[in-house]
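Undergrad: Using the sequences and the hints given, assemble the complete structure.
If you read the protein sequences in the order shown, they are chains A and B. Our numbering numbers the first residue of the first sequence as 4 and each following residue consecutively. Our numbering numbers the first residue of the second sequence as 115 and each following residue consecutively.
Fair warning: there could be bad hints in the mix.
List time: in silico DSSO-like cross-link candidates among lysine-lysine, alpha-carbon distance up to 27 Å [stated by the list, open to error]: (1) K135/B with K40/A; (2) K6/A with K55/A; (3) K6/A with K259/B; (4) K258/B with K11/A; (5) K135/B with K48/A.
Cβ-Cβ distance ranges computed for the label pairs, FRET-style [claimed, not checked]: (6) A22/A with L205/B: 29 to 39 Å; (7) F167/B with D18/A: 48 to 58 Å; (8) K6/A with D127/B: 18 to 28 Å; (9) K6/A with I248/B: 46 to 56 Å; (10) A16/A with F138/B: 37 to 47 Å; (11) P164/B with D42/A: 37 to 47 Å.
For the record, the hints were derived by calculation from the structure and aren't laboratory data. All values derive from a computational prediction rather than experimental measurement. All residues carry an ideal CB built from backbone N, CA and C; glycine is no exception.
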Amino acid sequence: MGKNLQLKAARAAKDMTQADLAAAVGVTRQTINAIEKGDYNPTIKLCVAICKALGRSLDELFWEGEPSC
Amino acid sequence: MLKKQDNLDERQDFIRNNIFKHAFLTLLFSGFAIEVMRMMELVTEEGGVPHLFTFCAALSVLVLFVEMIHHDIYPISEKTQRFTYILLGVLGATLTGLNIYELASGEAAAFIGGTLNSPLFSLATGILFLLPVIWYTIHKLQQKKEPQEDA
Numbered sequence: 004m005g006k007n008l009q010l011k012a013a014r015a016a017k018d019m020t021q022a023d024l025a026a027a028v029g030v031t032r033q034t035i036n037a038i039e040k041g042d043y044n045p046t047i048k049l050c051v052a053i054c055k056a057l058g059r060s061l062d063e064l065f066w067e068g069e070p071s072c
Numbered sequence: 115m116l117k118k119q120d121n122l123d124e125r126q127d128f129i130r131n132n133i134f135k136h137a138f139l140t141l142l143f144s145g146f147a148i149e150v151m152r153m154m155e156l157v158t159e160e161g162g163v164p165h166l167f168t169f170c171a172a173l174s175v176l177v178l179f180v181e182m183i184h185h186d187i188y189p190i191s192e193k194t195q196r197f198t199y200i201l202l203g204v205l206g207a208t209l210t211g212l213n214i215y216e217l218a219s220g221e222a223a224a225f226i227g228g229t230l231n232s233p234l235f236s237l238a239t240g241i242l243f244l245l246p247v248i249w250y251t252i253h254k255l256q257q258k259k260e261p262q263e264d265a
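TA: Rendered as structure tokens:
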């Protein structure tokens, strides 16, 4: 699993730190870091929570390659 | 919110399950190792097989604590956790000190007739109790040095 650069970029665009995003979705900062580094595969529940916190879709943040239709 | 009552998120919960598995396997294999040692007559019942089983239990607890500290997963609150490690450290230091004294003063022997003896196992158990405290201190010092945002 590669790095999730989309998530990192979306978080940065919202001017949020890993700790801010972690607090917004109710996980630890280390978990957000692990997702961004591609070390942890989050559940769909957490993915949806992250998408809502960043105002993005699942496709935009978690789909690898071209977004699906 | 995704946080559970015990304050562990889904990643920590997943890792914690693996840690329990590792601790259980440690207990299983170390128990098996004792049986092998007993069959090979490296240790006798009188020489401290019960102490050796205590050592195995301490080893499993050590795996549990060290892995939990390493992955920042604590089953207890920050305050209680610090108290637990201090208590472990005091117990470990006492056990280690007493056994070193007994062995050094000649009150007890590490080997009797070519087999391992109980003070040796008690000493090892004391050292095992000390290890999580050392690991916890190192981990906390490292965390202080680390930047808040990982690359």
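Undergrad: Next, verify each hint and record whether it holds.
TA: Okay, the hints, checked on the actual structure:
1. With a C-alpha separation of about 25 Å, the suggested pair K135/B and K40/A falls inside the 27 Å cut-off, and the hint holds.
2. Among the hinted pairs, K6/A with K55/A is consistent with the structure: their alpha-carbon atoms are about 21 Å apart, no more than 27 Å.
3. Restraint check for K6/A and K259/B: the C-alpha separation of about 25 Å stays at or below 27 Å, so the hint holds.
4. Restraint check for K258/B and K11/A: satisfied, since their Cα atoms lie roughly 24 Å apart, inside the 27 Å limit.
5. For the suggested pair K135/B and K48/A, the alpha carbons sit about 25 Å apart, so the restraint of at most 27 Å is met.
6. In this structure the supplied range 29 to 39 Å holds for A22/A paired with L205/B, their Cβ-Cβ distance being about 36 Å.
7. Take F167/B and D18/A: their Cβ atoms lie about 56 Å apart, and the range 48 to 58 Å holds.
8. K6/A and D127/B have their C-beta atoms about 24 Å apart, which keeps the hinted 18 to 28 Å range intact.
9. Between K6/A and I248/B the C-beta distance comes to about 34 Å, which lies outside the given range of 46 to 56 Å.
10. Restraint check, A16/A to F138/B: a C-beta distance of roughly 45 Å satisfies the suggested window 37 to 47 Å.
11. Evaluation of the 37 to 47 Å hint for P164/B and D42/A yields a pass: the beta carbon distance comes to about 42 Å.
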